[in-house]
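With the hints as extra help, turn the sequences into a complete structure.
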Amino acid sequence: MYPQLKRGEVVANREIAPGIFLLGVRGKFAASPGQFYMLRAWELDPPLFRPMSVFALEEEAISFLYEVRGRGTGILSRLSPGEELLLLGPLGRGWDPPARPLALVAGGTGIAPIHFAAQIYGGDAFLGFRGKPYLVESFADWCRAVYVASETGEGGTKGLVTEIFRPEGYRTCFACGPEGMLRELYRLCSEAGVPLFVSVEERMACGLGACLGCAILTSRGPRRVCADGPVFPAEELWGDG
Amino acid sequence: MADLSVRIGEVALKNPVIAASGTFGFGAEYAPIFDPGILGGICSKGITREPREGNPPPRLWETPCGLLNSIGLENPGIEAFVREVLPRMLGLGTVVIVNIWGREPEEYVYMAERLDMTEAHVIELNLSCPNVPGAGLPGAVPEKVAAIVAAARAACGKPLWAKLPPEGDLIGAARAAAEAGASAVTVANTFRGMAIDIRSRRPVFSNVIGGLSGPAIKPLVLRAVYEVAKEVRVPVIGCGGIVGWEDAVEFIMAGAHAVQIGTGSFIDPLCIPKVIAGLGAFLEREGIGSLEEVRGCAH
Numbered sequence: 044m045y046p047q048l049k050r051g052e053v054v055a056n057r058e059i060a061p062g063i064f065l066l067g068v069r070g071k072f073a074a075s076p077g078q079f080y081m082l083r084a085w086e087l088d089p090p091l092f093r094p095m096s097v098f099a100l101e102e103e104a105i106s107f108l109y110e111v112r113g114r115g116t117g118i119l120s121r122l123s124p125g126e127e128l129l130l131l132g133p134l135g136r137g138w139d140p141p142a143r144p145l146a147l148v149a150g151g152t153g154i155a156p157i158h159f160a161a162q163i164y165g166g167d168a169f170l171g172f173r174g175k176p177y178l179v180e181s182f183a184d185w186c187r188a189v190y191v192a193s194e195t196g197e198g199g200t201k202g203l204v205t206e207i208f209r210p211e212g213y214r215t216c217f218a219c220g221p222e223g224m225l226r227e228l229y230r231l232c233s234e235a236g237v238p239l240f241v242s243v244e245e246r247m248a249c250g251l252g253a254c255l256g257c258a259i260l261t262s263r264g265p266r267r268v269c270a271d272g273p274v275f276p277a278e279e280l281w282g283d284g
Numbered sequence: 034m035a036d037l038s039v040r041i042g043e044v045a046l047k048n049p050v051i052a053a054s055g056t057f058g059f060g061a062e063y064a065p066i067f068d069p070g071i072l073g074g075i076c077s078k079g080i081t082r083e084p085r086e087g088n089p090p091p092r093l094w095e096t097p098c099g100l101l102n103s104i105g106l107e108n109p110g111i112e113a114f115v116r117e118v119l120p121r122m123l124g125l126g127t128v129v130i131v132n133i134w135g136r137e138p139e140e141y142v143y144m145a146e147r148l149d150m151t152e153a154h155v156i157e158l159n160l161s162c163p164n165v166p167g168a169g170l171p172g173a174v175p176e177k178v179a180a181i182v183a184a185a186r187a188a189c190g191k192p193l194w195a196k197l198p199p200e201g202d203l204i205g206a207a208r209a210a211a212e213a214g215a216s217a218v219t220v221a222n223t224f225r226g227m228a229i230d231i232r233s234r235r236p237v238f239s240n241v242i243g244g245l246s247g248p249a250i251k252p253l254v255l256r257a258v259y260e261v262a263k264e265v266r267v268p269v270i271g272c273g274g275i276v277g278w279e280d281a282v283e284f285i286m287a288g289a290h291a292v293q294i295g296t297g298s299f300i301d302p303l304c305i306p307k308v309i310a311g312l313g314a315f316l317e318r319e320g321i322g323s324l325e326e327v328r329g330c331a332h
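For the record, the sequence lines run as chains C and G.
One gets this note's numbering by counting positions in the first sequence from 1 and adding 43 to each.
One gets this note's numbering by counting positions in the second sequence from 1 and adding 33 to each.
Hints were generated in silico from the structure; no laboratory data involved.
Glycine residues also receive a C-beta, built at the ideal position from the N, C-alpha and C atoms.
Treat the hints with care, as some may be off.
[Claimed, not checked] Some but not every residue of chain G turned toward chain C, in silico, with C-beta under 7 angstroms:
| id | residue |
| --- | --- |
| 1 | Pro-248 |
| 2 | Pro-252 |
| 3 | Ile-300 |
Structure below.
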């Protein structure tokens, strides 16, 4: 699937938790789990598109989940149904079909690519939130089981997602979330011998692998999050080499 | 269709629009979006004698209408570039400009000699990378520029373009580059800038300083091109903040033979094809036969 630059029409842009929005765009789009799009709904400034993992893909629509963090996501959050935005994608390398059973582990807005993975691959979901959980019900449509943790104890087990997840019995684990969560998950999965594939975030300029602005250092040398990732085997990122 | 072709010393370009070094990879990355063969030329990512891993993240930071970068010359090194990357670049159907960076004149000489054995069309001497210590910092120093250009000139028969920093004695450096044998000067690389994370109270880049590009710097670079074009005999290639075809026309009217587009491609992935089409339409609309008729007309 080659990336394309397309216009899309906003069909919904709903604040589903404080500062967290679910954006639905009408149109025919393509993506495989873990891939992302670069979004833009402004002229010159801010200069860069905003990379967003695909939350869900339907026949005539695509959706993205994002947290308002700065100017770009602020502009996105003010888009109303009927307004247009630019989408560049699908981009990056996502999750290949897994050996099953599959565990899906996500924290916060990291549930976005994990939700799309659930839509395509199914599996058991382990979701962690700081406060009140959101979008948990849409995982129930695709997953065999959904386990929820929140730091406040609202809507789930009180604590971190890494405290409710046990890798034993799974043959693959996909994850996305804060780096601390992913590193702890890597510790758990390595002990249990379960391969872990994580989706990571970095600031991006081109999204196409040209500018090297999003490169991170791995055991295989510098790798571009936009083109070699955003999904990497966790051992490439944090293994002993 | 208007004739957009230009001649930069020994090299003929089908149009004056060149992809700037470090923003267009090795040319193929943008191929899903548009045919890189439409370009007047493509500058490679900056190449060094040995492979370099570049700087740790973050490497990018946005500013109003600007972009700071601290990539740190990540590249596979001259040998892997020549063997694995250059042949593919030469198949793209446009002029291939290999951008090289060295710490010492000897490193430029080594790479120029290596590239002299290849089909690369032009060597662009990066005398201005803001993100690694070396020649050309903190600003343009004519003696250093002259030494590197003269050494590279003696080492190869390829056309040499000197890419200069916008700071320091730019006019002196441009003059020195021309006298030492450069066929053109690229004005300019990014401005040295920085940003501080007020929460961590530290510079955002591990290297502290980054290079500022984008529309924010366009008036500064346009002024620099105007001044250099007035003083220097060799062609000037304008580079800094070009997003629309109107920006490119301004640079040509300031005296540039060609322009390079970098950050513009991040703002709009179709920036380059739009600028090429816009230039052609402008010439036709205004009844201008060639770019030469308006080049430097603002002087």
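Right, here's what the structure says about each hint:
Because the closest C-beta pair between Pro-248(G) and chain C is about 6 angstroms apart, less than 7 angstroms, the hint holds. Nearest Cβ of chain C to the Cβ of Pro-252(G): about 14 angstroms, over the 7 angstroms cut. The hint is violated. Given the 7 angstroms rule on beta carbons, the hint for Ile-300(G) holds: about 5 angstroms separates it from the nearest Cβ of chain C.
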